[in-house]
Amino acid sequence: MTTPPHAARMRAMLFPAATVLVAGVGAAVVLAADPTSDAGFPLPPCPVKLLTGLDCPGCGVTRMIYSLLHGDVLTALHYNAAAMLFIPFFLWTWGAWVLGRWRGRRVVTWEQWRWAPHVGLVLIAIWSVIRNLPFPPFDALYV
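Positions -32 to -1, 1 to 111 (mature numbering (1 follows the signal peptide of the UniProt record, and there is no 0)) are the ones given, in order, by the sequence shown.
Simulated from the structure, these hints should not be mistaken for lab results. Check the hints yourself; a few may be wrong.
Pair by pair, the computed Cβ-Cβ distance ranges are [to be verified]: (1) Ala(-26) - Leu59: 25 to 33 Å; (2) Leu53 - Arg73: 28 to 36 Å; (3) Lys17 - Met(-20): 36 to 44 Å; (4) Ala(-26) - Ala(-1): 31 to 39 Å; (5) Thr20 - Ala(-5): 26 to 34 Å.
The structure presented is a predicted model; accordingly, all values stated were derived computationally and were not measured. Every residue gets a Cβ at the ideal spot worked out from N, C-alpha and C, and that includes glycine.
Produce the complete structure using the sequences and hints provided.
Structure (structure tokens):
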């Protein structure tokens, strides 16, 4: 017995729906925790910052998300500008994944471009260095 196309599509959408649910729960936790102050419950610290005192490429992302959830884009940029710039690429990838599951075939995104991993690694390395430089204007990137 074959599965009707409608049922197969709905089953294919279970994983994307689960990602939306997990993202919603994550957003609720970030909102409740308020990582920008001591008002909420504590979230675990960044292990890189805890061990080295340096900001890793992801430091400030939780506070960035909190700021975005409150509509404060400038503060979000302060917490992690590189992650903010990556959001459209993440949404593009997620949307293509959902569309591919809906259509039943893969949708090509920027991730399949030949140079994408190399450019990504170089940008992460540059961001890691400049956000830890101890002089103006780079010291403003330290969170």
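Cross-check of the supplied hints:
Distance hint check for Ala(-26) and Leu59: the Cβ-Cβ separation is about 28 Å, which falls inside the suggested range of 25 to 33 Å. Our hint of 28 to 36 Å for Leu53 and Arg73 holds, since their Cβ atoms are close to 30 Å apart. A hinted range of 36 to 44 Å holds for the C-beta pair Lys17 and Met(-20), which are about 38 Å apart. Between Ala(-26) and Ala(-1) the CB atoms are about 37 Å apart, so this pair conforms to the stated range of 31 to 39 Å.
A hinted range of 26 to 34 Å holds for the C-beta pair Thr20 and Ala(-5), which are about 31 Å apart.
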